[in-house]
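Student: Sequence:
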Amino acid sequence: MPTWHELQEHARTAYQLVNDEENGFALVWEYESGRSQQVSVTRFAYCEQDWAEFRSFVCRADEMSPLAALRKNAEFAIGALAVDADGDYFLIHQAPLATLDPDEFALPLRALAATADGLEKQHAERDDF
1 MPTWHELQEH
11 ARTAYQLVND
21 EENGFALVWE
31 YESGRSQQVS
41 VTRFAYCEQD
51 WAEFRSFVCR
61 ADEMSPLAAL
71 RKNAEFAIGA
81 LAVDADGDYF
91 LIHQAPLATL
101 DPDEFALPLR
111 ALAATADGLE
121 KQHAERDDF
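Going by our numbering, the sequence shown opens with residue 1, and the numbers climb by one from there.
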C-alpha cells in the first residue's frame, strides 16, 4: 500500500512534473502530433482513507453540449466528464491510494491525457489544456 509521499516520489522519478506541491502535482503529456495535455493529481481524504484524484481539462462548457458529455461518459472505460465553477469540462478519475501500484497509477495518467486531448481536439479544435 503506497503512501501519498511514495506515490509523489514515484511521479518525480518517472515523469517530468510541471507543478509539484505537497498535496498535488501535474505533468504534461506531449504527443508526436505536437499536441500536449496536462494531467493534475491531487490527494484528498474520503471515508478515512487517502485518495488520488486525476484531472485533465477538455474544453469550455459552451463547446460541448451536456447531452454530448453524458453520452461520452457512457463510452469511457476510465474517468468521467464534469464541469467546474469556471465553466470548463474536465475528465476526472479517483482511486484509493491503498490499491495504487505504479501500473495502476500510470494507466489513468495515460488514459485521461489521451481521452481529454482527443475531446479537446474534437470539440474545441485547439490545444489550450
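Bear in mind the hints are in silico, worked out from the structure with no lab data behind them.
Some hints here could point you the wrong way.
Claimed, not checked - What follows is a list of derived Cβ distance ranges for each label pair:
id, residue 1, residue 2, range
1, Leu67, Pro102, 33 to 41 angstroms
2, Ala68, Pro102, 30 to 38 angstroms
3, Asp86, Val18, 16 to 24 angstroms
4, Thr3, Asp62, 34 to 42 angstroms
5, Asn73, Gln16, 16 to 24 angstroms
6, Ala82, Ala45, 16 to 24 angstroms
7, Ala98, Ser65, 35 to 43 angstroms
8, Glu6, Glu48, 15 to 23 angstroms
9, Tyr31, Ile78, 12 to 20 angstroms
10, Ala82, Lys121, 17 to 25 angstroms
11, Ala98, Glu22, 26 to 34 angstroms
12, His5, Leu67, 38 to 46 angstroms
13, Thr99, Ser65, 18 to 26 angstroms
All residues carry an ideal CB built from backbone N, CA and C; glycine is no exception.
Student: Now tell me, hint by hint, if it's right for this structure.
Tutor: Okay, the hints, checked on the actual structure:
The supplied range of 33 to 41 angstroms is met by Leu67 and Pro102, whose beta-carbon atoms lie about 37 angstroms from each other. Taken as a hint, the range 30 to 38 angstroms holds for the pair Ala68 and Pro102, whose Cβ atoms sit roughly 34 angstroms apart. The hinted window of 16 to 24 angstroms between Asp86 and Val18 holds, with their beta carbons roughly 20 angstroms apart. Checked against the hint of 34 to 42 angstroms, the C-beta distance between Thr3 and Asp62 comes to roughly 41 angstroms, which is consistent with it.
Between Asn73 and Gln16, the C-beta spacing of about 30 angstroms breaks the proposed range 16 to 24 angstroms. Here the CB-CB span from Ala82 to Ala45 is close to 20 angstroms, well matched to the stated 16 to 24 angstroms. Between Ala98 and Ser65 the Cβ separation comes to about 37 angstroms, which falls inside the hinted range of 35 to 43 angstroms. For the pair Glu6 and Glu48, the beta carbons lie near 19 angstroms from each other, so the given range of 15 to 23 angstroms is met.
Distance hint for Tyr31 and Ile78: a CB-CB separation of about 19 angstroms, consistent with the stated range 12 to 20 angstroms. Separation of Ala82 from Lys121 is about 19 angstroms and conforms to the stated range, judged on CB atoms against 17 to 25 angstroms. Range check, Ala98 to Glu22: Cβ separation about 20 angstroms, and the 26 to 34 angstroms hint is violated. With their beta carbons about 42 angstroms apart, His5 and Leu67 fall inside the hinted range of 38 to 46 angstroms.
Roughly 35 angstroms separates the CB atoms of Thr99 and Ser65, a value that falls outside the hinted 18 to 26 angstroms.
Hint check: violations occur at hints 5, 11, 13; the rest are consistent with the structure.
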